[in-house]
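Please construct the entire structure, taking both the sequences and the accompanying hints into account.
Heads up: the protein sequence lines correspond to chains B and Y, in order.
If you count by the working numbering, then the first sequence holds residues 1 to 437, one letter each, in order.
If you count by the working numbering, then the second sequence holds residues 1 to 437, one letter each, in order.
Please note that a few of the clues may not be correct.
Note that identical chains are pooled: a pair holds if it fits in a single copy or bridges any two copies.
[Stated by the list, open to error] Capping the alpha-carbon separation at 25 Å, the derived lysine to any residue pairs in SDA-like fashion look like this:
(1) Lys-243 - Gly-103
(2) Lys-261 - Gly-433
(3) Lys-261 - Gln-128
(4) Lys-227 - Pro-336
(5) Lys-227 - Asp-264
(6) Lys-227 - Ala-24
(7) Lys-243 - Ala-85
(8) Lys-261 - Gly-437
(9) Lys-243 - Asp-258
(10) Lys-261 - Arg-373
(11) Lys-243 - Gly-209
(12) Lys-261 - Leu-120
(13) Lys-261 - Gly-126
(14) Lys-243 - His-412
(15) Lys-227 - Val-239
(16) Lys-227 - Arg-238
(17) Lys-243 - Glu-216
(18) Lys-227 - Glu-403
(19) Lys-227 - Tyr-427
(20) Lys-243 - Glu-420
(21) Lys-227 - Asp-260
(22) Lys-261 - Pro-124
(23) Lys-227 - Gly-291
(24) Lys-243 - Gly-130
(25) Lys-261 - Tyr-427
(26) Lys-261 - Gly-130
(27) Lys-261 - Gln-131
Source of the hints: derived by calculation from the structure; they are not laboratory data.
There are 2 protein chains.
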Amino acid sequence: MSRHVSPVNDDNVKDVAASTDVVAYMTSLGQAARAAGAVMRGQSTAGKNAALLAMARHLEAARPGLIEANARDLTRGRETGLDAALLDRLALDDQRIDAMIEGLHQVAALPDPVGEIDGLRSRPSGIQVGQMRVPLGVIGIIYESRPNVTVEAASLCLKAGNACILRGGSEARDSNAAIAACIEAGLREAGLPAAAVQVVAITDRAAVGHLISMPEYVDVIIPRGGKSLIERVSREARVPVIKHLDGVCHVYVDATADLDKAFDIAINAKTHRYGTCNTMETLLVDAPVAGALLPRLASGYAEHGVELRGCARTREILGAIAAASEDDWATEYLAPVLAIRVVDGVEEAMAHIDRYGSHHTDAIVTENYALARRFLAEVDSSSVMVNASTRFADGFEYGLGAEIGISTDKLHARGPVGLEGLTTRKYVVLGDGHVRG
Amino acid sequence: MSRHVSPVNDDNVKDVAASTDVVAYMTSLGQAARAAGAVMRGQSTAGKNAALLAMARHLEAARPGLIEANARDLTRGRETGLDAALLDRLALDDQRIDAMIEGLHQVAALPDPVGEIDGLRSRPSGIQVGQMRVPLGVIGIIYESRPNVTVEAASLCLKAGNACILRGGSEARDSNAAIAACIEAGLREAGLPAAAVQVVAITDRAAVGHLISMPEYVDVIIPRGGKSLIERVSREARVPVIKHLDGVCHVYVDATADLDKAFDIAINAKTHRYGTCNTMETLLVDAPVAGALLPRLASGYAEHGVELRGCARTREILGAIAAASEDDWATEYLAPVLAIRVVDGVEEAMAHIDRYGSHHTDAIVTENYALARRFLAEVDSSSVMVNASTRFADGFEYGLGAEIGISTDKLHARGPVGLEGLTTRKYVVLGDGHVRG
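Laid out in structure tokens, this is it:
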């Protein structure tokens with residue numbers, strides 16, 4: 001598979017798209033990935049790490065070419081009217097190339113999850129049974145404008161022993177092609193199959209539709225991007241999807257809370273960053289402490305310019321803030337806006353979270369042991385916290401060493417997904433001529 | 001939800017089917033299950049066990065009624081021309097009722113997987129992070145004629161803290177309704193929501209289509225039955241499916257094998273039972289030992305009446321056996337038939353398994369340490385074995401204590417699925433006022 005190695009300019013991308021039968025092209029990627037996946041299963045940790053470090057060297061050597069390819073993407077982006085935020089995500093500079101190179105070194109330094117055997121136990125029949133962690137096989141990743149995702153996704157899939165097919169945003173196609181060439185050079189240098197990482201070289205939107213409909217070649221799809229992309233992929237995929245939808249996260253401050261901790265957590269969970277999925281969007285306050293806590297918090301939020309929208313009881317305490325509507329309770333603002341509701345106890349708080357939340361990350365602030373245990377056990381979210389900011393819901397903060405995404409699904413991987421989420425476990429049985437009686 | 005409690009006879013089932021809007025009915029089951037699932041999440045082990053034991057008592061008390069309901073199903077089955085094998089699977093007698101009751105006691109005695117926290121570790125930020133095992137939520141199970149599956153599926157879902165919606169075969173509807181009444185009585189007696197176990201009371205085939213299309217109410221579907229059912233469910237489901245397709249299992253006898261062990265394993269893997277998914281369907285023999293092993297095995301198989309079909313080299317050694325076709329290599333016979341191929345070493349054996357196998361269970365017989373390690377690491381099947389019969393691939397043999405099925409999927413659960421496969425893990429974070437810096 002060398003379709004992605006030649007530097008791609010505007011014109012020859014159009015040629016590829018025009019001249020290629022999309023189904024045949026995607027099928028060829030799928031077949032090559034399946035074959036490469038079988039070879040990747042048997043690779044040593046040292047071999048995989050050698051490829052990662054070789055990729056880092058090739059990125060370093062290709063620095064001027066990367067910047068040049070990226071400049072073509074940026075020029076085209078400006079011409080086609082991409083907004084400033086999108087252009088910023090698309091841009092590669094020396095600092096971002098440094099970060100990609102550093103990322104490859106970090107992934108190389110991570111422990112290899114493949115081959116680990118859990119719970120090997122002897123059974124009455126005489127056999128020993130355990131579960132071995134092994135690669136998933138072929139992973140399809142669909143993402144948008146940031147070209148550094150190409151390196152990040154490739155490195156994590158490779159370290160976990162998988163082949164991958166990467167489909168980046170068409171606005172980043174020249175950057176992605178240039179990065180893909182470095183990745184391929186690294187794979188070849190380390191003696192790994194070049195098709196272990198394939199970047200879809202055609203910009204035809206139908207390519208995504210095919211990628212998510214080839215269960216014979218692709219074991220799982222990870223879409224990374226906006227809600228509409230993820231919803232489309234989830235709806236249409238015939239391959240299992242590890243998806244990340246909304247983060248409508250809550251902090252519930254119980255009547256027994258230490259109000260200093262509650263203040264710090266409520267401020268941090270909202271204001272540390274506004275655009276992240278683990279940012280608090282609704283604050284729930286137990287009625288007995290609402291009068292003491294809310295005015296203090298309102299001043300804190302005012303300093304950060306956070307707009308508050310409250311329930312009737314909140315507005316009785318805080319006065320002139322907007323009323324929260326039904327929609328507010330279910331909204332992921334991703335902005336300096338916070339909905340606040342006064343509730344009567346943990347039951348009402350948990351019912352609110354269950355009804356309006358997105359089962360992403362929810363926290364309780366309490367000094368009551370029994371309530372903490374209950375909240376942990378019963379709140380059905382991918383991360384549930386006691387006396388900590390929701391902003392901690394993150395692969396690096398959790399010690400996964402890497403993060404390919406945060407799953408809001410329940411099956412296979414839930415919450416931050418690291419290398420382990422890119423693997424599966426099979427049973428291994430060790431005997432010495434044992435037969436079943 | 002009391003739709004399933006009244007004893008159902010042929011006529012009033014038709015009435016329900018005719019008078020009910022299937023979508024509205026299935027939606028009502030889904031909503032009730034979702035609500036019951038939320039209650040189930042908070043149940044203690046003792047409460048769940050009390051319900052299981054109460055169900056056992058109600059089955060015991062309802063014995064005459066169960067036999068009577070089953071007799072109606074059998075009569076109808078004979079009238080509609082069900083074959084003898086199907087009628088046998090459908091039949092309930094005292095022994096089978098004993099087994100259902102005993103099964104409930106066994107599930108009550110199993111350790112509760114819910115609430116277990118793995119890997120709780122302190123992070124540099126000061127928080128502690130671990131993963132807590134929690135129920136999946138709502139499980140839909142679609143099965144065929146055996147009415148005892150109703151008890152088995154209900155008990156495992158309940159023990160793992162889930163609500164479930166069970167859709168049995170229409171040929172078993174009276175038996176299933178009678179069993180459902182006992183289950184509901186047990187739930188009520190233990191103070192659990194009756195909707196924690198709901199048996200679909202309409203026989204309309206469209207019910208299945210709706211059950212697998214309600215991701216808002218159902219978290220996972222487990223189809224148990226023939227290949228066509230499973231393929232249909234997998235193709236049409238909008239809810240994740242834990243599925244079990246073919247078992248085209250292999251034993252590869254390496255040149256270094258102890259031929260006595262190889263003989264025992266090859267005979268056991270084929271002849272212990274013919275109709276099971278972990279039965280060997282193809283034997284691969286390394287060329288240097290084919291001449292010594294195959295004639296001895298052929299006599300052994302002849303004693304069991306197993307028909308052999310071989311590759312050209314096998315036929316050179318064994319003489320008058322049928323030639324194996326391309327189709328034979330990919331066939332799950334579920335019968336006393338075995339395909340045999342002579343190969344040149346482990347590479348060719350693994351390539352054959354990868355190409356023709358179903359990634360269910362494959363074994364190597366060898367005394368070579370390096371080959372054993374390699375086969376374990378590289379064969380991409382849900383169970384991989386060294387010097388043991390493929391027949392061991394089974395939840396009870398593996399010590400899971402129970403088995404809801406064997407998954408041939410890679411995500412979430414792979415291989416025999418016990419209680420753990422009916423749960424998921426969420427992250428729990430314990431802090432003391434910690435915020436992200």
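Hint by hint, here is what the structure shows:
no., hint, verdict
1, Lys-243 - Gly-103, "within (23 Å within a copy, 37 Å between copies)"
2, Lys-261 - Gly-433, "between (61 Å within a copy, 5 Å between copies)"
3, Lys-261 - Gln-128, "between (49 Å within a copy, 17 Å between copies)"
4, Lys-227 - Pro-336, "within (20 Å within a copy, 53 Å between copies)"
5, Lys-227 - Asp-264, "neither (30 Å within a copy, 56 Å between copies)"
6, Lys-227 - Ala-24, "neither (29 Å within a copy, 29 Å between copies)"
7, Lys-243 - Ala-85, "within (24 Å within a copy, 43 Å between copies)"
8, Lys-261 - Gly-437, "between (61 Å within a copy, 15 Å between copies)"
9, Lys-243 - Asp-258, "neither (36 Å within a copy, 48 Å between copies)"
10, Lys-261 - Arg-373, "within (18 Å within a copy, 52 Å between copies)"
11, Lys-243 - Gly-209, "both (16 Å within a copy, 24 Å between copies)"
12, Lys-261 - Leu-120, "between (43 Å within a copy, 22 Å between copies)"
13, Lys-261 - Gly-126, "between (55 Å within a copy, 14 Å between copies)"
14, Lys-243 - His-412, "both (11 Å within a copy, 14 Å between copies)"
15, Lys-227 - Val-239, "both (19 Å within a copy, 19 Å between copies)"
16, Lys-227 - Arg-238, "both (19 Å within a copy, 18 Å between copies)"
17, Lys-243 - Glu-216, "both (20 Å within a copy, 15 Å between copies)"
18, Lys-227 - Glu-403, "within (19 Å within a copy, 37 Å between copies)"
19, Lys-227 - Tyr-427, "between (36 Å within a copy, 23 Å between copies)"
20, Lys-243 - Glu-420, "both (16 Å within a copy, 22 Å between copies)"
21, Lys-227 - Asp-260, "neither (36 Å within a copy, 60 Å between copies)"
22, Lys-261 - Pro-124, "between (52 Å within a copy, 19 Å between copies)"
23, Lys-227 - Gly-291, "neither (37 Å within a copy, 62 Å between copies)"
24, Lys-243 - Gly-130, "between (29 Å within a copy, 21 Å between copies)"
25, Lys-261 - Tyr-427, "between (46 Å within a copy, 21 Å between copies)"
26, Lys-261 - Gly-130, "between (44 Å within a copy, 22 Å between copies)"
27, Lys-261 - Gln-131, "between (42 Å within a copy, 24 Å between copies)"
Taken one by one, the earlier hints fail for this structure at numbers 5, 6, 9, 21 and 23, listed in ascending order.
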